[in-house]
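Student: Mind docking chain E on chain A? Use the hints.
Chains as they are written, first to last, in the working numbering: chain A, 1 to 271; chain E, 1 to 364.
These aren't lab readings, by the way, just hints derived from the structure by calculation. This structure is a prediction, so every number in the text was calculated from the model and none was measured. Each hint can be trusted.
No farther apart than 27 Å at their CA atoms in a straight line, the calculated lysine-lysine pairs in the DSS-like style are these: (1) Lys117(A) - Lys172(A); (2) Lys136(A) - Lys98(E); (3) Lys61(A) - Lys151(A); (4) Lys172(A) - Lys98(E).
Residue-level listing of the chains:
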Amino acid sequence: MAMDVIDYKLYGEDMQFVEIELDPGEAAIGEAGAMMFMEDGIVMDTVFGDGSSQQKGFWGKLAGAGKRLVTGEGLFTTVFQHQGPSGKRKVAFAAPYPGTIIPVNLPDVGGTLICQKDSFLCAAKGVALGIAFQRKLGVGLFGGEGFIMQKLEGDGLAFVHAGGTLYRRDLKPGETLRVDTGCIVAMQTSVSFDIQYVGKLKSALFSGEGLFYAVLQGPGTVWLQSLPLSRMANRIVMAAPALGGRSQDQGSLLGGLATGGLLGGMLGGDE
Amino acid sequence: MQFQSLSYGPGLPPGGSRLAARLDSFHLTLTLADARPLSVPLTQVQVAVGGFNDTVWRFEWSDSQGRWAVTLEDPATQQALLAQPPAALAAALAGVGKTQRRARTRTRLGLGALGLWFALPVLLLVALLWNASTLTGWAASRVPLKTEQKLGEMVWKSQKTQLRLVENTAANAAVATIGAKLTQGSRYSYRWFVTRDHSINAFAIPGGTVVVHTGLIEAAKTPEELAGVLAHEVQHIEQRHSLRAMAQSLGTMAALGMVFGDVSGIAQIAASLSQLSYSRDAERDADARGLAVLKAAAIDPQGMVRMFETLGKESEGLNPPAMLSSHPATAERIARLKEAIAEAGSWPVQPLAVDWPAVQASVR
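Okay, chain E solo, but in the shape it has when bound:
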């Protein structure tokens, strides 16, 4: 087999000389510059892999003048030689082929590992976001009840100063009565508050505090409508949505920090702690679970639907109630709710024994 080689040896230029080489069954023959052939028996020839990236084969031997090396870089010729090796070099060439294959595998593995190393934080981030609800649920469930109550107390203290609480009215009693019906058997001890505020809203604070705006009581036409909203708010507490939101924002911050370096972390964490707006998913969750509680307490679910419809009408105006800002679109919520009610089938309903006009009058 004939091939073009870059050859090195005594008397050849130090940068190598392009010479024709020929391999037959017993000899490697090099045609030197002056057309003089240099023949060496294959039994004296060693084969090695080398060069930048191990792509070069070297046929090496020594004579009295020094060491010779005939290099072969062309991959096609290498393959041809591997397919039909001269008998004397068969074992050596097989070894060389094996070395090259092993080097390629090692490269692939190494680059793969390197890629994985750099991709790992990104993969972690994706996994975290993918399984966010499971992970945050788990994290939130690890928080002891006492800690949650302490946290809730802190939030309540800061909120309290901005509220104009209404006390000892028929409305307080109604909210507490209906609330008690919805929280039977709960591990939380609930506190119910009414605050003078004309926006249609109610909110829950971790640890079992629910605050109802007077605007909500005025807008509700029946006690069942109030019960619908309370059922929803209670579920925010029962499902620890605040803690989950906190875990999620902290976890996301940590993961983002790992991937992109410092995101001026503490400031952002503090900001997200203060915001703590429930995610839309948490709202849907609270809607669905709230409905289940209404069923358990034998309360008419149409109240919840009507309340949402009132909210929807309100939000068509220029000033949507503050409550809607972090919530799903009302139309979507109503549709979902109706679907869920149809699915659950009708259940025996006990009208709530509340003198509603008197309650409304007490907060006017």
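Bound conformation, chain A alone:
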């Protein structure tokens, strides 16, 4: 399957947008609502499903659209195609909240990337958006990402967005990294994803780190975010007296209870 090869440029530091340069006939797909601007000659079209040519026929498209719905995307995908006769034209996609956009060339990661729900921003036309269902019960319940993650497949370039600073870490065979459950953004399929109990009841209750770590084992590449959106939203709500300061940290059962309770409201305030 031929993918469109696209050139891109990232703007900004921590509120980024990506500008994609399209040759005549080339196209990019974008997450609904992510488009920032587009130049003359680029035509926007909305397709059912994810616009990759992998899905043949009505049912294939319906299944693709259903998968998108499950991962929190819209039913439709917007395709931006350069239909002009010549020259390069640009279209830009902006990140929805402070964070970093990372370009991932899918062939460099073996053709498949598993990423957090909602983290997809845009990609070359032909990249298929699917779901990666988490089959490990414990990881689904306590891994911070839930049972459903997004799977990007294809030979092109895809752009993923997450909160804060994104950190790429290449794990050697057998190397393990323990990660806060909210901080995983993306990983290669070869990376093992599991959870581990923090080990001590005292830590589980009072460290504020939650009950479980996510354990990532190489070989393969993982991307981590320094600031999960939920954590930032949490701090904003805690700082907003009008909202009552009710809060819940991601992946932490008791932490949420404690700060949400009466006592937490008195002790946990950090205004």
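Tutor: Frame of chain A; chain E shown alone:
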């Protein structure tokens, strides 16, 4: 066996490199990017399962430069390797296959348990509704007689103010006499009342209170017709239909609350308590048992049939008697009743010794 792998190791790109790998009886050979083969004896190779969802096999070994991993994700190749493993890896591959199967079983069990956990309240609700009559019967039977009488007294006190009771007439005596015949040997002590109301109706209050509208006495052509209605009402008390209805509505509320969260519970419970309309099933039950009592008291069952027919005619008009609102269709009740009478066969009948025209005159 040849397969396409994503391989990691010293000098390879950190995201892995797509390389051709070959497994023969003694070696794993990797063809590096510059077509240079890298061969490692299988005795040094360890096999492990990993990756997202444990779908990836890793062939791992270490050399002087570091650790290598050759990953295999294609399930078809995995199956082929399981079917014909190289002798040196046979045990390791069998273990890997077993691990994968066990993980799949665990997933299925886990998801099943999770599904069951979420389905449990719904299942409970279904079971409750399915066995409603058994459960409510059991619950109602746990209520002590005293409590029931207290409850009945409360209801009676609230009802009493809205009734225009008729006292010390021939009708009171007739109702009490016929009622006594129908309640021989009962654990309840009955009280019989007549109220001035021209609708054809009678009602029972838990604990043994029966109220007859004068309209019913006027509409009945024989004392047997009155006896038919009384037999029916008495069975509502004997079978504790009110308590059952209460148990059912409370139980349903509780189950619904469990499944769908708070249904602003207390208000609804209060509402259902005040309504307490007997279900249609309870009416059919009272019909059938009432007929049995008529048989035991040697009273002509045709009276009951005729009373229902009168009710049916009445309800054809624009204003159906209030009594019918929570009851089964009269035609259906008559049909059922006739069937039950035919089934029971005829029994010796003793006419009721009541001066009916005098009774009717006393309430006019």
